[in-house]
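> Protein chains in written order, with full-length UniProt numbering: chain P, 1 to 439; chain Y, 1 to 258; chain V, 1 to 452; chain B, 1 to 389.
Be a bit skeptical, because a hint or two may be false.
What the hints assert, rightly or not - Below, a list of computed lysine-lysine pairs in the DSS-like style, where the Cα atoms sit at most 30 Å apart:
(1) V:355 <-> P:382
(2) P:382 <-> V:91
(3) V:226 <-> V:265
Unchecked claim - Below, a sample of chain V positions facing chain P; criterion: calculated Cβ distance under 10 Å:
(4) 172
(5) 197
(6) 200
(7) 349
(8) 351
By construction, these hints were calculated from the structure, which means they are not laboratory data.
All C-beta atoms in this analysis are idealised placements derived from N, C-alpha and C, irrespective of residue type, glycine included.
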Amino acid sequence: MAKNPPHTPETGLWNQLNAWMTKGPAGYTFLSLYTLITSALLITNPRTSLFTDIVFVLFLLLILAIYRSRLDMRFKVGLAVVALGFVLPYFGTLNPYYIDVATQAGIFATLAMGLNVVVGFAGLLDLGYVAFYAVGAYLWSIFSTPQIGNMISGATPVGEGWFYLFIIIGLMVGGLFGVLLGLPVLRLRGDYLAIVTLGFGEVIRVLAVNLDKPINITNGAQGIKDIERPPLFFAPALKALGFNLDNNQLYQLFFYFMVLLVVLITMLVVGRLKNSRIGRAWTAIREDETAAIAQGIPLVRMKLMAFAVGASFAGAMGVIFASKQLFINPPTFDLLRSISILSMVILGGLGNIPGVILGAVLVTLLNLQILPRIAEILRTAKEAGLPIPQSFDPTQYQRLLFGLLMILMMIFRPEGILPEDRRRQELHDHDDEPVEGQA
Amino acid sequence: MALLEASNITKVFGGLTAVNDVTLTIDEGSIVSVIGPNGAGKTTFFNILTGIYKPDKGDVRFNGQSIAGLRPDQIAARGMRRTFQNIRLFPNMTVLENVLVGMHTHLRAPFWNILLRNRSLRLEEGKARDKSRELLRFVGLDDKRDNLAKNLPYGDQRRLEIARALAGDPKLILLDEPTAGMNPNETVEATHLIRRLRDERGVTVVLIEHDMRLVMSISERISVLDYGTKIAEGDGQVIRSNPRVIEAYLGKAAGHHG
Amino acid sequence: MKRIVSLIVLVGVLMSLLAACGSTPAASPTAAPATAAPATAEATAEATAEATAEATETAEATPAAMTVVEYILATAAGMTPEAAAALGTIKIASQSPLSGDQSALGTGIRNGVELAIEQANTALAGSGVEIAFAPFDDQAQPEVGSANAKNIVSDPDILCTVGHLNSGVALASLPDYSNANLVMISPANTNPKITESGYANAFRVVGRDDLQGPIGARFAQESGVKTVYILHDKTDYGQGVAEFFKLEAEKLGIEVLAFEGTDEKSDFSSILTNIQAANPDMIYFGGLYPQAGPLLRQARDRGIMAQFLGPDGLDSPELAKLAGDALEGTFYTTVAAPVSQFPNAAQYATDYTTKFNGAAPPFSAQAYDSAAFCQAAIVTAAVEANGKPTREQVLAAMKSLPALSGITGTYSFSEKGDPNPATYYIFSTNSDPALWDQNELTSKIESAPPTE
Amino acid sequence: MVAEANVSKQNLQRQRTLQTLRTVFMPLGQLLLFIVGSAAVLGLIVVVVAFFLSRSDPKIMQTAIAILPQVMIDGMVRGFLFATIALGYTMVYGVLEFINFAHGEIFMVGGFVGAGVAYLLMQWGLLSTLPWIVFIVIAIVMGMTVSGLLAMATERVAYRPLRNSPRLVPLISAIGMSLVLQDVVRLIATSSPLGFNARFETPNFGKPFQIASIPLGERAIPVQISPKAVIFIVAAMLMLLALNYLVNATRLGKAIRAVAQDRATASLMGINVNQIISLTFLIGGALGGAAGVLFGMNIGTVNPYMGFIPGLKAFTAAVLGGIGNITGAMVGGIVLGFLEAFVASYLSLFTGGAFSGASYADIAAFSILILILIFRPEGLLGESTTQKV
């Protein structure tokens, strides 16, 4: 039985080029020019088009390039701040679409990082992760709309300002649900765990559909609309600075930054946990439960903690998501969503935080932007006479493409795009760097 | 003074009595070997001591307290650590991380400190790292600390397992066949290392071993198990001349050849 | 010169409008003025809904109003060559689930729009007006729909959207369309919330659940139904219409034996056991034909012979294909008029089958009409703007369109965007898919959408 | 001397045959036991609950009893559906310890092949002239062949290259395969005369068998089972028997079990592991295909997405019964089917319509699954494995 070939080390023209571009003066020049050119192209071509699509993807790849480069940390952070903090939001005021894609990518990045705690760190396969997201989303939706009056007669919605508090509440309730799920399933091994978590996810979704009777808690299949958004406290300041934006643009910016902030916090929290006694205990459990317990690691407490931490991010993000979307209904939280978050984690690189973020961004881009665009190009080509059978409309087969991509990725790069081990190996190759490089 | 007292331990699997009424007392600061033919119940006995199995009968007292009902992690936290017959490292963690995991019970940083990464956490982590490095130096693996455990050669993996066990500052360390699969040179090194465990770090050592030369050379006491029952106990001299021990070993060997 | 042409066109349009008005009163006396029953809904003022029931065969006159296609041609003829040249690319987008298990219906919507655009382009060939098509897959997911909506909105060539299949997705996307004043005309969303949420840009060419459900209930009462067993598919569509049916049925004194939801798609035995025990006169199914087909067959197999009634989600020859002889005693409510009144629908069914292989699913003809109304609004706005119109102008044009007849009915839009007045029809089905468009009209009820 | 040897040889042979018969038929007994057991336990629960509720409304008891036999039949038919799909899951899991997420799609393909065969036969005018048994055999054989080969092909393409990867990798690949198969079938179906929602033509099997008739008020409620359901159940039992024979009494079965136990050792013993795994997929896929044909025939329609939910339920059933265990898969399916049927039929009756039974059937199924796994983490018939340290 042949083992998968180990991945070839950095040789070949591309890698040499890559190494040259990410180090030293050439690296500084290259990245600065890269940022400059893509930013300029974005801002001068705000219309949605194939060209802008490509530039947008290249622009997002910049972040990856910055992360992979070996340059001065201050330069890297500065460049990232310019790109994500200024260029992208400004571009967002010109075109609402791309910044929404970026925001959704951020939402999924947080979810993927949360799931990564459970699956990647602790090695517990969870196929019902979206349930916690649903809990957070419904929490804010119910309490911020007149729906609360249907549930508790006479109750009135909480004000918009409670939004921030509800993020914290979502965090805690998500964590609580994580523990609730964790408690009964701790004794189960791999695949039994998978099916029970899957069941849990389905139970939450089915409850969301059905709990409009006998007491109307979730408004059932009709979903909840007009979900409250937080006040735009920064609007006057922007106005004073000369930006004349309407409310929609302001909200898009607000949610973009909100999500970006949560992504950063999540990265920080998950990264710190990973390099702490807790993260090491999770990894130990993943690697060998018996050996872990022999080191004095309390299995139950640590697994519960993994479930709780993972779920809490989803809970908090659910609150933000509901508020951003204005409308939620049960189909958003179906099994396919759990599966697609899991695929982000694995495609990106199980266990590795940058990898997982990359996976989330990539899958979101594929789903919302790249695949539709490819389908459109194929369709145009078909109209221009490309021999494609009449009944085949490429727009209808985006999922087919996605499925194929998943299979091909697993066959040719089963460890994900940015795997964890490689990074370790890399660190080893450059021993001057500290082991606990902030991932 | 007795560090560990296992009294009248019995464990039955299905119809098979794996450990039958075994009593064993281990004095602090000693090196004790448990020997016996394959399938004699030695590893099961270790598993009972470390809490992986619950004994059907009998009691285990460690450091003066009964630990019979405790979970393995609780027992480990009280200062009893072990290694495994078939090495059980965390293969995809680095050598240093493996040792840090062993230190888990000594790291107390609360959740919030980890999130804030404040001074007390950094201090604790720094100390843990220093101590891990020191342990790795002790077993001679410091230069390989950033390798993945799975990439170490066999002998190094055994030594890493010992370093990991030491990380919990154990009073007692149980070594399950620490030289299995080693060549004579490695075995000599391992013997040396086991002796240093006690001499330099004051750890009481109990080992399961098949290599009689090693057992005889370092053990102060030897217990012999056969078919789950303790058939002999004493120093090397006593064991070597015990007829039941000879029968257990030679009988088995004879059975093989016949 | 330009002015003269547009004047002529305007006169022409006015004349045809007059002709249309003239012929309407001529046709209406033949319809028996019937019991005025108030349509009931939470938000509906009782008095506003005037319903006329019990249509007779004689009601089938030729459609009174000008057809959309005629209107488009007439209007486009009034466009100056300069204006036509200035149009540039104009697109109509469609959003519906094109993948996943709802893709059969979603694809029907997409195909309907494509056919409408294609046929109009052929008809408009000389005038210089050409409209492109941009289909989107909303995956039946609200957030995909809203992301697509932002994509659509950010393409200034798209002046009108046809969508969605799921009202949940529509409600999630409407804020984005609304921000850009982009018209969204729905071929399938019967949920009252679509036009009740205060979006000026929301239109639809289908009925409303709060009218369709109650009209079904009234039909049940008239057919002598005493007990009804209500089933729904647990979607916003099916459950929504079933709930309105239930409210009205209770009001009319029909005993509701059960109100059950199921997302079971194939094996209905457990539910049928309960139905058998309850022994209702009628089964009301709030849902779509893919479920209704096997449900009916299994029910008839078991010897359950109760009447079967459902909403417009059953209106497809596919139902006849799936259920076959089991269709005996099945009725559905819809705003899509019978083919005898709108012969173009038959042509549509043929064209659809020729081009796309397979019968048109429900809401596909409505999608065709939606796209046609989009074109009408765009062309009107283009004439007015004398060049490429803005989205605001298209929106204004849509609101001011005269009553025009598409292939499923004659529509003008109420203030909120509902078809006004909507005529609800109740058909009894026949089991031959090829003869679906000859389903017998059982009853016809006019009902104005609520206005308050 | 010779005669004696012959006699003992005969004896030995007879003993062996008996042994084989026992291993093949015992699971059937176990299965029947579970059917009767589940029916009895659930029936008892219903009667007890109905008894307490009937104090306030005596009609509840009447209705509950009147529909009870029919609910049991419904549950059994439903159970056999899950059971037949679960067999394929469990086969593959037993050998590879891998959740073949695309198995639901293999099942769906079987359904489509059956519908296609029926359509062709109808076009040729053979559907009403052929004896029904011939029709069923043709449809099932075709469905099994196509699904089996397809399953084998998916293994070759999407899983074999990943055999030594971490467990999650083939899982993701299988999910991808599931998406691909759904859309490929959709593409083919919508370009064919079958269409997206294809009708499964069948010969006329006639009216349902009336087993009994129970009075309720002035009416009588029939207890009935359709001929198609009877065919389904008989075929499912035959499948179980055949599979048991194959796995427990043939050389191939021994090889499969050896590969399941330890792939490396099996290959050292001269077993071609790749071939055996391919065959396992072939068998599992063929079972799924047969289930698809039977299911499609029973329901009357097929569509490209119909495999997903039954696939999930079947996987649940396989886990419930103890995954990797063939009889366990059947038993798990039966228990799940009964549970769903009982909840769907009784919940709204018992709660006065406050909770719609059909809506909560899923929740009930998964809650029971969680409960059972808490108390029996290895499933109903799974063997408890003590981890070796």
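> Starting from the hint list further up, note which numbers the structure goes against and sort them upward.
6, 7 and 8
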